[in-house]
Amino acid sequence: MSNQIAILLAVLLFPGGVFALALGLALKGVDRRVAARLQSRVGPPLMQPFFDIIKLGFKRTMVPAAANETVFLYTPLVGVVSMLIAAALVPITSVYAPDAAIGNLLVLLYLLMIPGIVLMIAGSASGSPYGAIGFSREMALMIAYEGPLVLIAAAVAIRTGMGMGGWATFSLNDIIAYQQTHGAFLFDPVMWPAVAAFCFFYPANLGIVPFDIPEAETEVLEGPIIEYSGPTLALFKVMSAVKKVVVLGLGIALFFPLAPESLVGGLLVWLIKMAVLMLIGITVVRLSTGRMRIDQAFVFFLKWPLLLAVASLAVVVVV
Amino acid sequence: MGLIPDFKKIATRSPWLYRINAGSCNGCDVEMATTALIPRYDVERLGCQYCGSPKHADIVLISGPLTVRVKDAVLRMFDEIPEPKVTVAVGVCPISGGIFRESYAVLAPIDQYIPIDVNVPGCPPRPQAIIAGVAKAIEIWRERL
Ligand code: SF4
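Going down the list, the sequences are from chains Z and H.
Here our numbering is used: the first residue of the first sequence is 1, the next is one more, and so on.
Here our numbering is used: the first residue of the second sequence is 1001, the next is one more, and so on.
In short, the hints are calculated from the structure, not lab data.
There may be inaccurate statements among the hints.
Said to hold, decoys possible - Simulated coverage check for chain Z against chain H, where a stretch passes if three residues somewhere in it have a Cβ under 8 Å from a Cβ of chain H:
no., stretch
1, 42 to 50
2, 60 to 74
3, 226 to 233
Claimed, not checked - Stretches of chain H that chain Z covers, calculated by requiring three or more beta carbons in the stretch to come under 8 Å of a beta carbon on chain Z:
no., stretch
4, 1004 to 1013
5, 1070 to 1083
6, 1123 to 1137
C-beta: ideal position from N, C-alpha, C; glycine also.
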């Protein structure tokens, strides 16, 4: 029973729910601010994403005539809930360890697919042709990046499992415990292909500029979310904010979870790592590249990240 | 008690802009893009963001004299923007037709068809004037929320 309450609290308060949402929005604020500074602008206030969400709460939700109303209104909710649960699975070294019942890498991988699927369903339920284009692009992109992600996860799991004398372990707590005693995977040459593949994966998963093809606002007018307004649009913003925390947290857990033993220190180091990962992987990449075409992105993913991921899996199994 | 007005005040710090080109010569649109893109003017300071879909917009910037052929499209698009919204007419075209004033193809002034809240005259107006117009629109928007 206490077990279930702990899981519930993790989903609703920390590290899911309120905490993940606030952190995701704050990261977005920092991202926009730093981006503005890099372009020598002043930029919005750091709290801007919070203002945006509150603003959207005051607007009206419009349902297009061509849309399937139930699906249209409730899919974003599914996305938000899945991301809140996913946020409760992400371990924070020496601060939070997910309950053994849920803290599994495979569960996290499945949950991470849901926002993409939600976008696809939302786009097609809205009845807009732009939504339909967004749907097909999202699907193509998902096919391209899910493969490398699964292989990366498998590489990490097998490396940990073999290190611990078994075959493969998908428990996030074990993965972190192993790295704490044997050193982070980031400094393990055997894991470098996997690290590189992950660096390609997360901008695509988060829809950052070279890979924001499904939502390209200048071509398909934000694609799947074109018809959403007011509170339902706010749900999408919440979903992507929490997703950012989940994906970056996953990266930290898989490759560099080392942190001091204390509670405050652990949290602080985790936040710093997250901010660095975001600034390098998202802000700078976003500003310095242009958007790819969907076919280019697809080929790109099937070439480099997939190759790297396969290589990492092979190396891990052989070494 | 005091929470809703507070939230409304916060909400007005996030105006999202949407541009409608009602047959403009593109001069005003270039000027609006400048307003958004050139570091010196940076509307993002006000929390503004240009958005791609009319359904996300709060403040509508309309340029051009509303030509006969785009009228239906513009009116439909205008209806797609959720309330509460504020309209800013950019340039002298929406006010009087500007240099297209006596053309058979033009329906200006635009406020016969769409309620306009702020006029920003000029052909094209300077970015500073557009930002001033947006700031004015934010004030009006605060009352409507
Ligand atoms: S006001 Fe001048 S610059 Fe603007 S659309 Fe009209 S003619 Fe062009």
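*asked:* Hints numbered earlier in the text: which of these fail when held up against the supplied structure?
replied: Structure breaks hint 6 only.
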